[in-house]
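The residues making up each chain are set out below.
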Amino acid sequence: MTQDEVKKVVLDIIADIAPDEDLSQLKSDVRLRDQMQLDSMDFLDIVMELRKRHGIEVPEADYLKLATLDSCGEYLAPKFAALSSKS
Amino acid sequence: MNRSSDYDVVIIGAGMAGLAAGIRLAHFGRRVCIFERHNASGGLNGFYSLDGRKYDVGLHAVTNFVRPEVKGTPLGKLLRQLRIDRSEFALCEQLRSAVRFGGEAGAELLFSNDPALLESTVAAQFPREIDGFRGLVGRVRQHDDVALDSGFRSARSVVREFIRDPLLEDMLFCPVMYYGSATPEDMDFSQFVIMFKALFLEGFARPRDGVRVILRVLLEKYRQAGGERRMKCGVRRIIVRDGRAVGVELDSGEEITAAHVLSSIGSEETSRLISPAPKLESAEPPRSPRHPRLSFAETITILEHQPAELGWGDDTIIFFNDGPRFDYRRPSVPVDVRSGVICLPNNFNYGGDRLPEGVLRVTCLADPSFWIGRPDAEYQTSKRAWYAAMQTSALRFLPPLPGGLEVETRETDMFTPWTIQRYTGHVEGAIYGAPEKVRDGRTALANVYLCGTDQGFLGIIGAMLSGISMANYHILARNG
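Chains as they are written, first to last, in my numbering: chain R, 1 to 87; chain X, 1001 to 1480.
No lab work stands behind these hints, which were simulated from the structure alone. Be careful, since some hints might not be right.
Below, simulated BS3-like cross-link-like pairs (lysine-lysine); rule was C-alpha separation at most 27 Å, straight line [to be verified]:
1. Lys1071(X) / Lys65(R)
2. Lys8(R) / Lys86(R)
3. Lys27(R) / Lys8(R)
4. Lys79(R) / Lys8(R)
5. Lys52(R) / Lys79(R)
6. Lys27(R) / Lys1071(X)
7. Lys8(R) / Lys1071(X)
8. Lys27(R) / Lys86(R)
9. Lys79(R) / Lys27(R)
So the derived label-pair ranges between C-beta atoms look like this [what the hints assert, rightly or not]:
10. Ser1049(X) / Arg33(R): 44 to 50 Å
11. Gln37(R) / Pro1127(X): 47 to 53 Å
12. Arg33(R) / Ser1369(X): 50 to 56 Å
All C-beta atoms in this analysis are idealised placements derived from N, C-alpha and C, irrespective of residue type, glycine included.
Starting from the given sequences, assemble the full structure and let the hints guide the process.
Take a look at the structure:
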């Protein structure tokens, strides 16, 4: 999965968690938290949805790596790659 | 149906807190079952049918209402966490509410879902207090009310830093206490902040068909997520081995094993189920003098006409008190009719629609020790007498009915602390739970947690958030 595809995965999750947010104007290099009302409960949900839908594990120490869409792409793409090479 | 006897999580009680926790846990793949002793879900926020009418038990109004564009409030968090679209709750906004204090120094505050109305009536009625009031609102807005570890702080003392007139102080405390204080006279400032925001800075709304609309949404979400539910199936014991809960024993004697137990039935009520009881490291002295639990009596009158046709105006909820000082404590008489809450469920904006009949609800503080266990004949006689006393008192705060209430009365019902205890199991009918809250939900056992009234988030929205936050904090976040 490319980084752009990974970002799309994250955006899909955010769209389900926060359907009341407008995601069309999101900048991929700005912290998600600064562009939307996302609190720690919502971030926990992004992590848990990644596990539920895609089997991706994000340890708590790495939560900061989900700060922006770009950093999500960089951090998660290798995890998706490792997963697909296993299967 | 195949019933399992082993779950990741057992939830005790199918009220708002238990259902919300169940939705979260089931959504994230936990095998979860809710056990409910009663035949209906909802707990303190349920409903019942009588002669073809459906009555809400607890719900006057859903507090914490904000419009969709207002972000970052409890209602929005709740909808997100439960993946509920706000239209599913079909919330209709209140018209307007009031705080009316009678007697010589009588005064009236009005409030609605627009905080500007309260501010303008404070400015008009208490011109010397308006700067203090604005300061108080600022203090409330910047307070972190969801911290799970804050200690007790007197709300009265904080409010007095801003408000000097004791009449205004009591008029602000009256609704806040009636809609969510488990402690008499004073309350924890964090609780005050939660309720002040819920009532005055956010607001009231209601689905046209009452609390069952909300319950239906929760039950359906829970079912879709794969959660199981067993009704008329009480838990009589939490089974303990080697200092941990290993499961529960049902009223039928059946044993269910579980890795976690989440209990919404109250702190003391949960402790009583834990068997064998854990040995406490040291006998802890009580942190503060224990207050008696607070309970209420409520009357429901079905009217021949809509309140508007009776000239009762736009008031949705009226918090009343007949003197300058407001006493919020367990009364020494069966019902303290000096103050109370009037609810006119017709006075929400149902968008051109309306309720089929006029309804008048009155709630007052009541003494559980009078009502609980009273012989039936005497109980019925007392109910009739106190029903009448509550109407007489409340009607002083509504425009007079020329023919009196009797000719307007189609049907009546009343519930007391005994009714509440009988149907919900909450000791002494304490709808706001025990005075001492356990904000982090911990119990004597590492894998038994509390949610609901005794955890400390109150009201319908608070109850659901309690279930959500305890499920997140103790089970989902911790165990990955």
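How the hints compare with the structure:
Only pairs whose Cα atoms come within 27 Å are accepted, and Lys1071(X) paired with Lys65(R) is accepted, the gap being roughly 25 Å. Of the supplied pair hints, the one linking Lys8(R) and Lys86(R) holds, its CA atoms being roughly 22 Å apart against a limit of 27 Å. A hinted pair counts as satisfied when its Cα atoms are at most 27 Å apart, and Lys27(R) with Lys8(R) qualifies at roughly 13 Å. Between Lys79(R) and Lys8(R), the direct Cα distance comes to roughly 15 Å. Compliance with the 27 Å bound is thereby established for this hinted pair.
Taking the CA atoms of Lys52(R) and Lys79(R), the gap is about 15 Å. The hint holds against a cut of 27 Å. The hinted pair formed by Lys27(R) and Lys1071(X) meets the criterion: a straight-line CA distance of about 20 Å does not exceed 27 Å. Between Lys8(R) and Lys1071(X) the alpha-carbon distance is near 24 Å, which keeps this suggested pair within the 27 Å criterion. Pair hint Lys27(R) plus Lys86(R) does not hold up; C-alpha atoms about 33 Å apart against a cutoff of 27 Å.
Restraint check: the Cα-Cα separation between Lys79(R) and Lys27(R) comes to about 23 Å, which is no more than 27 Å; the hinted pair holds. At roughly 47 Å, the beta-carbon separation of Ser1049(X) and Arg33(R) lies within the given 44 to 50 Å, and the hint holds. Distance hint check for Gln37(R) and Pro1127(X): the Cβ-Cβ separation is about 37 Å, which falls outside the suggested range of 47 to 53 Å. A hinted range of 50 to 56 Å for the beta carbons of Arg33(R) and Ser1369(X) is consistent with their spacing of about 51 Å.
Violated hints, listed in ascending order, are 8, 11; each of the other numbered hints is respected by the structure.
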